[in-house]
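A.B. asks: So the chains spell out like this:
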Amino acid sequence: MTETLFEKIWNSHVVVEKENEPSLIYIDRHLIHEVTSPQAFDGLRANHRDVRRRDLTVATIDHNVPTTDRSLPMIDETSSTQIKTLEKNCKDFGIKLFGINDPNQGIVHVIGPQLGITLPGSTIVCGDSHTSTQGAFGAFAFGIGTSEVEHTLATQTLWLEKPKTFEILATGKRKNSFAITSKDIILSIIKQIGTDGGTGHVLEYRGDAISDLSMEQRMTICNMSIEAGSRAGLIAPDEKTFDYLNHRKYTPKNYDELVDDWKNNLMSDANSKFDKSFTIDVDKIEPQVSWGTNPAMVSDITGKIPTPEEFGQNNEIQIESAKKALLYMDLKPDTPIIEIPIDRVFIGSCTNARLEDLKDAAEIVNGKTVNADVDAMVVPGSQMVKMEAEKLGLDKIFKDANFEWRESGCSMCLGMNPDILKPGERCASTSNRNFEGRQGSGGRTHLVSPVMAAASAIAGHFVDVREWC
Amino acid sequence: MIGNVIKYEQDNIDTDVIIPGTYLKIHDYNELATHAMEGLDPEFPSKVKDGDFIVAGKNFGCGSSREHAPIALSTCGIKAVIATSFARIFYRNSVDGAFLLPIEVDDETYQKISNSDKLEINIEKNEIKNITKNETYTMKPFSEIIAKIIAAGGLFKYKK
Ligand code: SF4
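If you read the sequences in order, they're chains E and Z.
Residue numbering for the first sequence follows the working numbering, starting at 1 and increasing by one per position.
Residue numbering for the second sequence follows the working numbering, starting at 1001 and increasing by one per position.
Worth flagging that the hints you see were computed from the coordinates, not collected in a lab.
Note that the coordinates shown come from a computational prediction; the quantities given were computed from them, not determined experimentally.
Treat the hints with caution; some may be incorrect.
What the hints assert, rightly or not - Computed cross-link-like contacts, DSSO-like style, restricted to lysine-lysine with a CA-CA straight-line distance of at most 30 Å:
hint, chain 1, residue 1, chain 2, residue 2
1, E, Lys91, Z, Lys1140
2, E, Lys323, E, Lys304
3, Z, Lys1118, E, Lys276
Claimed, not checked - Sample of chain Z residues facing chain E (criterion: CB under 10 Å; computed from the structure):
hint, residue
4, Lys1025
5, Asp1052
6, Ser1064
7, Asn1134
8, Glu1135
9, Tyr1137
10, Pro1141
11, Glu1144
Said to hold, decoys possible - Listed below are several chain E residues computed to face chain Z (Cβ distance under 10 Å; list not exhaustive):
hint, residue
12, Gln82
13, Gly200
14, Asn264
15, Asn265
Beta carbons: idealized from backbone N, C-alpha and C, even for Gly.
Using the sequences and the accompanying hints, generate a full structural model.
C.D. replies: Here you go:
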């Protein structure tokens, strides 16, 4: 019988399986951050339970951390308490923590792969929906709720209903592989399949247009799988995957043996059956900009803001939601996307703050200056990314252009630390969610790629970044 | 289970409006509840009554895995969310922690229920009675697994 990659990973992790019941799945790696873990540790204490596999559990601090000078005391007391709570929990239960001043600190989904914690064929969980990022390595990586964090800490297993499979086949070749990025590919996919298109499914991205991508670009795609409602997204590992993970801090000692095994096993069998399938031709993709308040409300850069009726296509609820989105975003139908002025630029988040993202953005910025009406910032995804970028002199390019250069963290991706939009401010952001208030109450988010964000910072409005390179 | 409806005629009500990110630091459920639905309807905490139901369109609870979302709603007194579909993590968080019931209905039922209607939900019969309008609707039955978790009072109790 043929099996898809996801089914192979699932089957090799089943501990208990009964018909019409959830299966008990073994978890290989558990990543923890400060926001979704405190109640889970409280639960362990209340039930007198211990952490079952502390060797498979690692923690970092990313959501709350200030991205400015960290030698100063934190002003926000509740954040500071949440951070101290994680520090205490990790100490009490003997869990490895990459704390606020650790050179390996960073956004949890960025440091997993960088440290070689993420491995092909494994099951990876974290109390955070964008855990799907790590599916780029051919792992089943998915976000869980706090009750499940507690369950994993206590048992290293989880009860799960088996998701269905969904093939996303990306064919063709991008017309301009610098200006048209993997962010544009995934935004185009979500635009077409919708924010609930993947509900109950694990997406497997396949095809030449996917193999063509670097590991970091693949992570951007898998990162946003969750924005299409799916449980996870994954990509079969190949030579690029194996090279990326080699010689990392926690790369297993028997790595070569593992690679041999992965090469033979970790792919969907020929003719394997997916429950659903969708094909996208990347030849036709342009740079994308979101205009609304969910990640399916997206336009080509050469397009215009749609009328609610064009967007909703006879679906009353969709028409209403577009009206509401336009009101919130303060945009008028038929406005060309390139005429939308911006106030802020955020290059950061687990979607697009890895070294390549920063390198590409710096290439656009080099020698230019941020528009006088725009405040722009770059927040590396991890302290390691920051260090590597500084070795290449990227910090200097950004700073010379009037970008702020920050310490790593989630920063303005979610408006829970000091980096937030003011009400009414409009931001070109490389993050993944443009929900109302996501980057701060009343803030307006446009999701874009790093090169688009960089070029827009210079121009002061969105531009066709294909003309910039 | 009887309660009154607070209806939002919208799809994709996401976790960032159910409980905005800035409040995820809050450890105390009661304080969290004072910010429930703040991104969509700041009046919500003052108008919600214990036992109320939220009614909304498709893909309710999309976005983050924050368990704070069902917790904030349930601490406010919301006993069920009735929607045409749910985002998976929200659905599982609601059921696993026994915070509230996520109830799926078809489009027609969703259209028929109005704000402030008094409903009686009967999950044994998969039935929703609209007492105000004297109508009866069917809800989508829970899968066998979900029904068991609900009956047990959450995931932990289910697998004890
Ligand atoms: S960068 Fe944004 S999406 Fe990623 S983990 Fe942090 S808050 Fe979540």
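A.B. asks: None of the hints should be skipped; say for each whether it holds.
C.D. replies: Hint by hint, here is what the structure shows:
1. Of the pairs offered as hints, the one joining Lys91 of chain E and Lys1140 of chain Z is violated, with about 46 Å between alpha carbons and a cut-off of 30 Å exceeded.
2. Note on Lys323 of chain E and Lys304 of chain E: the hinted pairing holds, with a Cα-Cα distance of about 15 Å set against a maximum of 30 Å.
3. A distance of roughly 39 Å separates the Cα atoms of Lys1118 of chain Z and Lys276 of chain E; the hinted pair therefore is violated under the 30 Å criterion.
4. Given hint, Lys1025 of chain Z at the interface with chain E, holds; its Cβ is 4 Å from that chain's nearest Cβ, closer than 10 Å.
5. At about 22 Å, the closest approach between the beta carbon of Asp1052 of chain Z and any beta carbon in chain E exceeds 10 Å, and the interface hint on this residue is violated.
6. Interface restraint check: Ser1064 of chain Z against chain E, minimum CB-CB distance 5 Å, threshold 10 Å, status holds.
7. Given hint, Asn1134 of chain Z at the interface with chain E, is violated; its Cβ is 26 Å from that chain's nearest Cβ, farther than 10 Å.
8. A least Cβ separation of about 21 Å between Glu1135 of chain Z and chain E goes past the 10 Å threshold, and the interface hint is therefore violated.
9. Annotation: Tyr1137 of chain Z was flagged as interfacial toward chain E, and the flag is violated, the nearest CB pair being 18 Å apart, outside 10 Å.
10. A least Cβ separation of about 13 Å between Pro1141 of chain Z and chain E goes past the 10 Å threshold, and the interface hint is therefore violated.
11. With a least beta-carbon distance of about 5 Å to chain E, the hint placing Glu1144 of chain Z at the interface is held under the 10 Å criterion.
12. A least Cβ separation of about 5 Å between Gln82 of chain E and chain Z falls short of the 10 Å threshold, and the interface hint therefore holds.
13. Residue-level restraint check for Gly200 of chain E holds (minimum Cβ-Cβ distance to chain Z is 6 Å; threshold 10 Å).
14. At its closest, the beta carbon of Asn264 of chain E sits 32 Å from a beta carbon of chain Z; the interface hint therefore is violated under the 10 Å criterion.
15. With its C-beta approaching chain Z no nearer than about 28 Å, Asn265 of chain E sits outside the 10 Å limit, and its interface hint is violated.
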